[in-house]
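Engineer: Residues per chain are reported as follows:
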Amino acid sequence: AQSVTQPDIHITVSEGASLELRCNYSYGATPYLFWYVQSPGQGLQLLLKYFSGDTLVQGIKGFEAEFKRSQSSFNLRKPSVHWSDAAEYFCAVGFPQGGSEKLVFGKGTKLTVNP
Amino acid sequence: DTAVSQTPKYLVTQMGNDKSIKCEQNLGHDTMYWYKQDSKKFLKIMFSYNNKELIINETVPNRFSPKSPDKAHLNLHINSLELGDSAVYFCASSRLQGISGNTIYFGEGSWLTVV
Numbered sequence: 001a002q003s004v005t006q007p008d009i010h011i012t013v014s015e016g017a018s019l020e021l022r023c024n025y026s027y028g029a030t031p032y033l034f035w036y037v038q039s040p041g042q043g044l045q046l047l048l049k050y051f052s053g054d055t056l057v058q059g060i061k062g063f064e065a066e067f068k069r070s071q072s073s074f075n076l077r078k079p080s081v082h083w084s085d086a087a088e089y090f091c092a093v094g095f096p097q098g099g100s101e102k103l104v105f106g107k108g109t110k111l112t113v114n115p
Numbered sequence: 001d002t003a004v005s006q007t008p009k010y011l012v013t014q015m016g017n018d019k020s021i022k023c024e025q026n027l028g029h030d031t032m033y034w035y036k037q038d039s040k041k042f043l044k045i046m047f048s049y050n051n052k053e054l055i056i057n058e059t060v061p062n063r064f065s066p067k068s069p070d071k072a073h074l075n076l077h078i079n080s081l082e083l084g085d086s087a088v089y090f091c092a093s094s095r096l097q098g099i100s101g102n103t104i105y106f107g108e109g110s111w112l113t114v115v
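Chains as they are written, first to last, in this note's numbering: chain Y, 1 to 115; chain U, 1 to 115.
No lab work stands behind these hints, which were simulated from the structure alone.
Hints are not guaranteed to be accurate.
What the hints assert, rightly or not - The following label-pair restraints were derived from C-beta to C-beta distances:
{"#": "1", "chain 1": "U", "residue 1": "K67", "chain 2": "Y", "residue 2": "Q97", "range": "42 to 50 Å"}
{"#": "2", "chain 1": "Y", "residue 1": "S80", "chain 2": "U", "residue 2": "M15", "range": "41 to 49 Å"}
{"#": "3", "chain 1": "U", "residue 1": "H77", "chain 2": "Y", "residue 2": "S39", "range": "37 to 45 Å"}
{"#": "4", "chain 1": "U", "residue 1": "T113", "chain 2": "Y", "residue 2": "D54", "range": "41 to 49 Å"}
{"#": "5", "chain 1": "U", "residue 1": "E58", "chain 2": "Y", "residue 2": "S52", "range": "24 to 32 Å"}
{"#": "6", "chain 1": "Y", "residue 1": "G98", "chain 2": "U", "residue 2": "T7", "range": "24 to 32 Å"}
All C-beta atoms in this analysis are idealised placements derived from N, C-alpha and C, irrespective of residue type, glycine included.
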C-alpha cells in the first residue's frame, strides 16, 4: 500500500539557519511527489512537485527538494529560513486510482522558527 | 481570482444537525475532491468526482454525501452531524483524470466544529 512517512513531527530552527525536512515514501511504481505548506489557519499551498526528469526540483519561497529513488526519499530543503516559514509542511505521493488522482499525505512536520 | 473557493470558511453547529459545504473551481478542471484534515492535522481523501461522476469513495460514512451539479462544483452535505465530524474539510481540483502527476489545487478549507 502507498504510504508517506515524515519522521520529524516538530522541528525548531533559528532564523537564517538551513532547513531539511525528511520524507520517505512507499509506492511500487514511479512516484509523483509533492510538498505542501499550511500556515496556521490557512489552506494548503503547493511548494513544489516532482513528476520526472531532474531529481532536484525548485519550488516557491526558495525551497527545493531532491528525489532519491534508491532511498525512497524526497527531502525538502531551504538554505536560510525566514520567520515567515513557520508552518506545517506536508509531503504527499500522488497516484492514479479508478480514473482519478489520489494524494496520500504524510502526517506533517511542524516548523518553528526562533528569532 | 480564487481558483478553488469553498464556503463557509467557519461553521459551528450542534450535534444532529445537517449542514453543507459548497465548493467551486474556476480553473476549468475536470476532477474535484474532498479531503478531511482531522484534529491531528492528518489529511485524507474522502471523495473524488470527474465530470460529475463519483470516482473515489474512501469508506466514508453514508452521512456524508457529495453532490456535483456540474464539473465546476462539488458540494459536501453531512447529515446527523457527530462530534467526531469536527475537522477541516478541503475541496480540491485537478485536470484530466487518469493522468498521473496532475497537480491538485486546494481551497482554503472549511473549519467545521460540532458541539
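Engineer: What are the numbers of the hints that this structure violates, sorted from low to high?
Structural biologist: Numbers 1, 3 - these are the hints that the structure violates, sorted from lowest upward.
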